[in-house]
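> Take a look at the letters that make up each chain.
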Amino acid sequence: QKEVEQDPGPLSVPEGAIVSLNCTYSNSAFQYFMWYRQYSRKGPELLMYTYSSGNKEDGRFTAQVDKSSKYISLFIRDSQPSDSATYLCAMTFGGGYQKVTFGIGTKLQVIP
Amino acid sequence: EAQVTQNPRYLITVTGKKLTVTCSQNMNHEYMSWYRQDPGLGLRQIYYSMNVEVTDKGDVPEGYKVSRKEKRNFPLILESPSPNQTSLYFCASSPQGNYGYTFGSGTRLTVV
Numbered sequence: 001q002k003e004v005e006q007d008p009g010p011l012s013v014p015e016g017a018i019v020s021l022n023c024t025y026s027n028s029a030f031q032y033f034m035w036y037r038q039y040s041r042k043g044p045e046l047l048m049y050t051y052s053s054g055n056k057e058d059g060r061f062t063a064q065v066d067k068s069s070k071y072i073s074l075f076i077r078d079s080q081p082s083d084s085a086t087y088l089c090a091m092t093f094g095g096g097y098q099k100v101t102f103g104i105g106t107k108l109q110v111i112p
Numbered sequence: 001e002a003q004v005t006q007n008p009r010y011l012i013t014v015t016g017k018k019l020t021v022t023c024s025q026n027m028n029h030e031y032m033s034w035y036r037q038d039p040g041l042g043l044r045q046i047y048y049s050m051n052v053e054v055t056d057k058g059d060v061p062e063g064y065k066v067s068r069k070e071k072r073n074f075p076l077i078l079e080s081p082s083p084n085q086t087s088l089y090f091c092a093s094s095p096q097g098n099y100g101y102t103f104g105s106g107t108r109l110t111v112v
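Quick note, the sequences are listed as chains A and B, same order.
Residues 1 to 112 in the working numbering are what the first sequence spells out, letter by letter.
Residues 1 to 112 in the working numbering are what the second sequence spells out, letter by letter.
Source of the hints: derived by calculation from the structure; they are not laboratory data.
Treat each hint with caution, since some may be false.
Straight-line Cα separation of at most 30 Å, BS3-like style, residue types lysine-lysine; simulated pairs [stated by the list, open to error]: (1) K42/A to K69/B; (2) K42/A to K57/B; (3) K42/A to K17/B; (4) K42/A to K65/B; (5) K2/A to K99/A; (6) K71/B to K99/A; (7) K99/A to K42/A; (8) K56/A to K99/A; (9) K57/B to K2/A; (10) K65/B to K99/A; (11) K56/A to K2/A.
This structure is a prediction, so every number in the text was calculated from the model and none was measured.
Work out the full structure, taking the sequences as your base and the hints as a guide.
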């Protein structure tokens, strides 16, 4: 079993839809959770990070962490064609331990 | 412009011929890391560094070497490349690794 599970998709939605992207993980020691966006032939770009459980909002993006269920989500409101990309979740244990574990990424297509 | 610069962007080499992929960041970041990205496997951490002369192994360190002699540079060395090291490589840096990384544009390596 992988430490971090993420549905690779692809996920196709119409423009303006609310998108929900999710990851589950098996190691309860993960403390920091990140979401990256990766366009084709580009490096990943950090969207948001959260510490422990709770919600964090940044514009049209909301990150949610439920540590009791070992489940994290990224919501995109009013999705745009420019949001079409692969979304990667990532997590770390915190402290000085810098090992980063990524999900495989979910490919999202927003159709105009 | 704040960035992580990798060189070369594309490289084709033969089995066993030593090569170095350079990485430089201009943000005075403490943390730097190397990843490889493969279809179906996602991003996997090769090595990371928490400061000058401080490095540690990630998930897939076999066949790779790194050094951190200066804060801004973190080269990846393949002493004897093999075809299974054909991949897309990313260098990344962070002021504090748990809050996410800034990635370079990637190096596509083919070993024949």
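> All hints are to be evaluated individually against the structure, with a verdict given for each.
Against the structure, the hints come out as follows:
Restraint check: the Cα-Cα separation between K42/A and K69/B comes to about 27 Å, which is no more than 30 Å; the hinted pair holds. Among the hinted pairs, K42/A with K57/B is consistent with the structure: their alpha-carbon atoms are about 25 Å apart, no more than 30 Å. Between the alpha carbons of K42/A and K17/B the distance comes to roughly 27 Å, so the proposed pair stays at or under 30 Å and holds. The hinted pair formed by K42/A and K65/B meets the criterion: a straight-line CA distance of about 24 Å does not exceed 30 Å.
At most 30 Å may separate the alpha-carbon atoms for a hinted pair to count; K2/A and K99/A meet this at roughly 15 Å. Taking the CA atoms of K71/B and K99/A, the gap is about 19 Å. The hint holds against a cut of 30 Å. For a cut-off of 30 Å, the pair hint linking K99/A to K42/A stands: about 22 Å separates their Cα positions. A distance of roughly 23 Å separates the Cα atoms of K56/A and K99/A; the hinted pair therefore holds under the 30 Å criterion.
At most 30 Å may separate the alpha-carbon atoms for a hinted pair to count; K57/B and K2/A meet this at roughly 19 Å. A distance of roughly 17 Å separates the Cα atoms of K65/B and K99/A; the hinted pair therefore holds under the 30 Å criterion. A distance of roughly 26 Å separates the Cα atoms of K56/A and K2/A; the hinted pair therefore holds under the 30 Å criterion.
When held up to the earlier numbered hints, the structure conflicts with none and fits them all.
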